[in-house]
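Trainee: Below, each chain spelled out in residue letters.
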Amino acid sequence: MNKFWLVLGHTYVTKLKAKAFLITTAITCLLIIGLANIKTIIEFFTSDEQEHVAVIDRTESLYKALEKQVNREEITLTKITDMEDEAKRAVKEGEWDGLLILSMDAEGLPEAAYYANTIADNRTPEELERVLNELKTALSAAKIGLTEEQMAVLYQPVPFQKVALEENAKTEEELNQARSLVYVLLFAMYMFVLMYGGMMATEVATEKSSRVMEILVSSVSPVQHLFGKIIGVALVSLTQFFVFFAVGFTALKMNGQELWRFLGFDNVSMSIWVYALIFFLLGYLLYAVLFAVLGSLVSRVEDVQSAITPAMILVIVAFMIAMSGLNMPESAFIIGASFIPFFTPMLMFLRVGLVSVPMWEVALSFALLLATIAVLIYIGAKVYRGGVLMYGRMNIFKDMKQAVQLTKK
Amino acid sequence: MSLEIIDVTKRFGQTTAVDHLTLTVPEGKMFGLLGANGAGKTTTFRMILGLLLPTEGTIRWQGESIDYSKSHLIGYLPEERGLYPKLKVQEQLLYLGRLRGMKKADIVPEINRWLERFHIRDYANKRVEELSKGNQQKIQFIAAVLHRPNLLILDEPFSGLDPVNVELLKEAVLDLKRNGTTIVFSSHRMEHVEELCEHVCILRSGQAIVSGALRELKRSFGRKNLLIRGEGAFEELKDFPGVLRYNQTAEGVRLQIANEETAQAIFRHIADRVTVRLFALEEPSLHDIFIEKVGAAYE
Numbered sequence: 001m002n003k004f005w006l007v008l009g010h011t012y013v014t015k016l017k018a019k020a021f022l023i024t025t026a027i028t029c030l031l032i033i034g035l036a037n038i039k040t041i042i043e044f045f046t047s048d049e050q051e052h053v054a055v056i057d058r059t060e061s062l063y064k065a066l067e068k069q070v071n072r073e074e075i076t077l078t079k080i081t082d083m084e085d086e087a088k089r090a091v092k093e094g095e096w097d098g099l100l101i102l103s104m105d106a107e108g109l110p111e112a113a114y115y116a117n118t119i120a121d122n123r124t125p126e127e128l129e130r131v132l133n134e135l136k137t138a139l140s141a142a143k144i145g146l147t148e149e150q151m152a153v154l155y156q157p158v159p160f161q162k163v164a165l166e167e168n169a170k171t172e173e174e175l176n177q178a179r180s181l182v183y184v185l186l187f188a189m190y191m192f193v194l195m196y197g198g199m200m201a202t203e204v205a206t207e208k209s210s211r212v213m214e215i216l217v218s219s220v221s222p223v224q225h226l227f228g229k230i231i232g233v234a235l236v237s238l239t240q241f242f243v244f245f246a247v248g249f250t251a252l253k254m255n256g257q258e259l260w261r262f263l264g265f266d267n268v269s270m271s272i273w274v275y276a277l278i279f280f281l282l283g284y285l286l287y288a289v290l291f292a293v294l295g296s297l298v299s300r301v302e303d304v305q306s307a308i309t310p311a312m313i314l315v316i317v318a319f320m321i322a323m324s325g326l327n328m329p330e331s332a333f334i335i336g337a338s339f340i341p342f343f344t345p346m347l348m349f350l351r352v353g354l355v356s357v358p359m360w361e362v363a364l365s366f367a368l369l370l371a372t373i374a375v376l377i378y379i380g381a382k383v384y385r386g387g388v389l390m391y392g393r394m395n396i397f398k399d400m401k402q403a404v405q406l407t408k409k
Numbered sequence: 001m002s003l004e005i006i007d008v009t010k011r012f013g014q015t016t017a018v019d020h021l022t023l024t025v026p027e028g029k030m031f032g033l034l035g036a037n038g039a040g041k042t043t044t045f046r047m048i049l050g051l052l053l054p055t056e057g058t059i060r061w062q063g064e065s066i067d068y069s070k071s072h073l074i075g076y077l078p079e080e081r082g083l084y085p086k087l088k089v090q091e092q093l094l095y096l097g098r099l100r101g102m103k104k105a106d107i108v109p110e111i112n113r114w115l116e117r118f119h120i121r122d123y124a125n126k127r128v129e130e131l132s133k134g135n136q137q138k139i140q141f142i143a144a145v146l147h148r149p150n151l152l153i154l155d156e157p158f159s160g161l162d163p164v165n166v167e168l169l170k171e172a173v174l175d176l177k178r179n180g181t182t183i184v185f186s187s188h189r190m191e192h193v194e195e196l197c198e199h200v201c202i203l204r205s206g207q208a209i210v211s212g213a214l215r216e217l218k219r220s221f222g223r224k225n226l227l228i229r230g231e232g233a234f235e236e237l238k239d240f241p242g243v244l245r246y247n248q249t250a251e252g253v254r255l256q257i258a259n260e261e262t263a264q265a266i267f268r269h270i271a272d273r274v275t276v277r278l279f280a281l282e283e284p285s286l287h288d289i290f291i292e293k294v295g296a297a298y299e
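Protein sequences, first through last, are from chains A and B. When the count follows full-length UniProt numbering, it moves up by one through the first sequence with no breaks and lands on 409 for the last residue. When the count follows full-length UniProt numbering, it moves up by one through the second sequence with no breaks and lands on 299 for the last residue.
Incorrect hints may have been included.
As the list claims (entries may be wrong) - Subject to a maximum C-alpha distance of 20 angstroms in a straight line, what follows is the list of computed SDA-like cross-link-like pairs (lysine to any residue):
| hint | chain 1 | residue 1 | chain 2 | residue 2 |
| --- | --- | --- | --- | --- |
| 1 | A | K253 | A | L181 |
| 2 | A | K15 | B | R127 |
| 3 | B | K86 | A | K253 |
| 4 | A | K19 | B | K70 |
| 5 | A | K401 | B | G13 |
| 6 | B | K126 | B | Y84 |
| 7 | A | K19 | B | A258 |
| 8 | A | K401 | A | T309 |
| 9 | A | K68 | A | N133 |
| 10 | A | K19 | B | N125 |
| 11 | A | K17 | A | V243 |
| 12 | B | K104 | A | F339 |
| 13 | A | K19 | A | G9 |
| 14 | B | K70 | B | K104 |
| 15 | A | K64 | A | G9 |
| 16 | A | K19 | B | Y84 |
| 17 | A | K3 | B | Q90 |
| 18 | B | K86 | B | K133 |
| 19 | A | K15 | B | K126 |
As the list claims (entries may be wrong) - Facing chain A, a subset of chain B residues (Cβ under 10 angstroms, in silico):
| hint | residue |
| --- | --- |
| 20 | G50 |
| 21 | L51 |
| 22 | Y68 |
| 23 | Y76 |
| 24 | L77 |
| 25 | E91 |
| 26 | L99 |
| 27 | R100 |
| 28 | L131 |
| 29 | Q140 |
| 30 | F158 |
| 31 | L161 |
| 32 | V164 |
| 33 | A172 |
What the hints assert, rightly or not - For each label pair, taking beta carbons as the anchor points, the in silico distance ranges come out as:
| hint | chain 1 | residue 1 | chain 2 | residue 2 | range |
| --- | --- | --- | --- | --- | --- |
| 34 | A | Q50 | B | E129 | 54 to 60 angstroms |
| 35 | A | A374 | B | D19 | 34 to 40 angstroms |
| 36 | B | E292 | A | A374 | 53 to 59 angstroms |
What the hints contain is simulated information worked out from the structure, not anything from laboratory work. The model shown is predicted, which means the values in this text are computed figures rather than measured ones. Cβ coordinates follow ideal geometry from the N, Cα and C atoms, glycine included.
The following block holds chain B by itself, in its conformation from the complex (with noise of 0.2 angstroms):
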């Protein structure tokens, strides 16, 4: 089972925020969710959550539409960051665990198991004002997980902190996932989704431009990016039946070719007019994929 997105439109007035969205997260796999901002990924995650009801299609969790008896099962890290801020940490973890449908007594030692892990067990009673906005954006993370949700919903979570923390977060979610969390999250990052998720979807003004499996994209993309280092003629590869695209670096070149055949009739082709040190076929980036599909950078 899984969480499924069938033909949904979200119209507010005349403007329409997601437009015909058709997505499926398997079970236990991370999503990633990709857009500039004002794509329709918060509206999407939205109406995910019953908070927004869909112009048209259905949501489905499992094979049932989600509302508040299910709201145990799902944790929500909002964009907007939003705590009591004249509530103390562990206080306020509470009144959201038990909000959650957590009872008084499982929370506290879940509670500091996740302030233990951030390294900010000393801040369980301090007001959350007092603290930095990277340790406020930490509880805010705990407050989504601490119930163990299934369906793990992120908007933006590595957005405003530092490197460290970033790694300290990507840990706690492939954490998560490996105790077989469904989790589905956004970001602009490209490199964070390519990082994390078996599963994309890129959305441009509420339609979905690139979907599905990251692999599977890769693959049917064709295209891949090969690298070579070494001295010799490059030059005459610019010609090379295959070779799409034509980068000389520093220390050598950098080809898109159409296919892996090329790359083996290339490989033949230099052997004996190049000394190489480097030869590296690579897969394309979400990056590439992205321009080809759109023609155009993103962002």
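Extracted from the complex, chain A is given alone in its bound form (with noise of 0.2 angstroms):
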């Protein structure tokens, strides 16, 4: 056991000192804190940028209205009576950032036409299609002679309520916030998984790479260093999602109230964070536990990758079916997938956030999780055992059986 925390403590340390992981949480923190003021930010370059318009009305009308329900803020018309070919030549020269041709239709409704130099930003024009849009409209009404309160009745939408029966059943406003929590959470759960995963098996490729591992396992037992490596990088994972976790809270706080409110984090039952801490961690330990095997299965770090492949692909098709659950939470499939022990830790996580699960279904998916958790780690020590003593090509299912073999008699 002793050495159990030897293991831990050293893999947290040397990680946590390490120049690459420093530097990668610094920038990632600049990164949230750019995130979380990205509205700021976006002003910031954009608030004196104002588009010059040319606007060329053939209709005699329709200009003053324009003007008048155009955003003043980002652009700016003025009216000019040159020729067409003229104008365009002087959005070519830079005088004008475009140049709008306003005309009639055959029915008497507006047409028109936007030039610029390139038209890859759609702001410009769409705010003037939008506003075009609107007097077309108000035209179209006034030929057909309606008044504006027929107008007010055409546009109104259906009032439509959505009212859950069942008693614990979330209203929908509250399951508009869990939803946006559940997706954040999963999102976080799958971010987590693929990054540390990963950290996982390169941290025991890189002791079986340089040869270090033998040593090791000859003074310390392959499990209790197998889960030493797991918790230290779980523990270096935790840390630096806290660091991440507090950045952004702080930075949302600050600034980005809105987001924050939109996110629906202030009315958030208790149980959901609960449920998200321990299905958070099983799942953690699962892929872990997973990945850490298929490191010890290759002798070179630049194998890492193609080893854990299958292990990633397996996280991402969680995601997949779980973000593809956020609309369809009970739908069969959902249900049914989330007792596969794999999928459990999203599935059942975005089950219980978004809809009542029976307690005995959510216990059942507890067990399996456990029981897998268990099998996984019995294989994966015989694995990682025979494992780091094995140096060669690859072959992960080949490797495998080789490993375990190397551990009987």
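Mind assembling these two chains? They're in different frames, but the hints should get you there.
Mentor: This is the structure:
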């Protein structure tokens, strides 16, 4: 047991002290801060950029209404009387940012064409199009003699309420909030497993490729070593995650109140957080064992990627299913898949987060998950024990077989 | 008490790596395991350490099987050298020492003592990857002996070292032996084994071809080499009874003879006929024994 703590401590401290780790953490923190302030940043770069658009109005009537309704913070319109070719040349020479030509079609409704040097930036033409659409609607309405009241009736949306009858089912508002929280947590789980699963496998493969493993396993049992590594890397990841979370939380609280409220973090019940934590940890344990074992099978760090690809695909598939399940948490497919241990952490969490799941189902999925982890640990320890002594070409299934064989008599 | 390997066989699927091997390594002695690549040396070591389980047979150290509860008593220098490349020498040795059950406070003076002894004191705070290969090997050796093991297993300890460092390491190994450490080491160099070990075993395809106390082996081998230098007619010794092999050298002859009595007879015989400058009876070399047993030159 003592040596387990040694391996754990060693893994944790050396990983944490590594320059690469510190730099990645710092960069990610900066990105998080940036993301939380994205609105401010975009505004900072775009606020003084006004688009100057020249307008040739052949209808002689639309320009005034257009100028009145267009967003003047972004677009300045100027009516010109030049010829079309001349105006286009002026756009080319940079005198105007764009040229709008208004005309009437045969039925007396407005038509427009927009000319600019590039049309990659959609904002200006879209804004103009929006305003023109409104004008056209008003014009058509006036033509057939609709009053403004009639217009208002025409455009009024249908009152549509969704009400859940089940007693502890979530109300629509709650559901929306739960959905965004579940989404965020699922995404966090997914990122966590992808990022640190790879780290786990690389960690083991590095020890193996540097051949220090043989000394290690001669002084500490492979099982203790495996767990010391898994928990050590888990603590490193949690530390990093905690830093990200703290930075993100502070940044959001300070600058991004809207985003915070949108995610609905304020009024989410405690039980979701508890479920999230449990599924998160068990999910990590499951995949960490898998990644560690795969890592122990390769003898060069370069081979790690290809060795862990199957496990990666499993994680990605789980995430895809979970994403599709966000809008149909009660479909038979999702319910069924939530009992498959490799999908349980994400899918069962999704279900308990969005709908009320019978306790026995949760318990069953837990039991299956725990059993799978136990089996995986048992097999993993065997493969690991043999795998760390094996060097050479790679073929995962053959290697696994051979590794288990090495632990036999 | 001693290290006993009793009728041990290890098979990997179809191949047999170690074939009914029986060895006894007396406590406090040095044991040499000789063999070409693939002869089964590393597999034997891994079985002694409990990294691999024997297919058949038992291995006991002081009457008990070796497991992780005894890892503080055992030191191991694997053939495949390996250390954490990014870790500093001191940190590295601290970690490996603690894994062998040492206390931090006890390790530091021990590390300094060894670094001093190997003249690499200045490297304590360098990362291992910055060290030369020879120096890395010294660190590896220190990692194996830091915790003063009772049983030390050295897999090819001298390979890849320059002669100066080989001497340095040999001295260290002999010192450990003087302090009572039982040492098993493998080599594919006969002279290292012959120089250091009281007991030897030559492995070929997993089988012990020659095994036992070196002195005993040499004595029971009987045949000795007789080196004579001088002037005169040596040719007649070719057919002298008891002479098994006759080699003319620049200054005399080298004979392989059946026993010591033959040497006496030859001495009397040539006393009047030849001017003798040197008459030396040599022990047979391990190499001679090997050739005799296997019928082919070693490697």
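Trainee: Which numbered conditions among the earlier hints are violated in the structure presented, ordered from lowest to highest?
Mentor: 3, 4, 7, 12, 15, 28, 30, 31, 32 and 33
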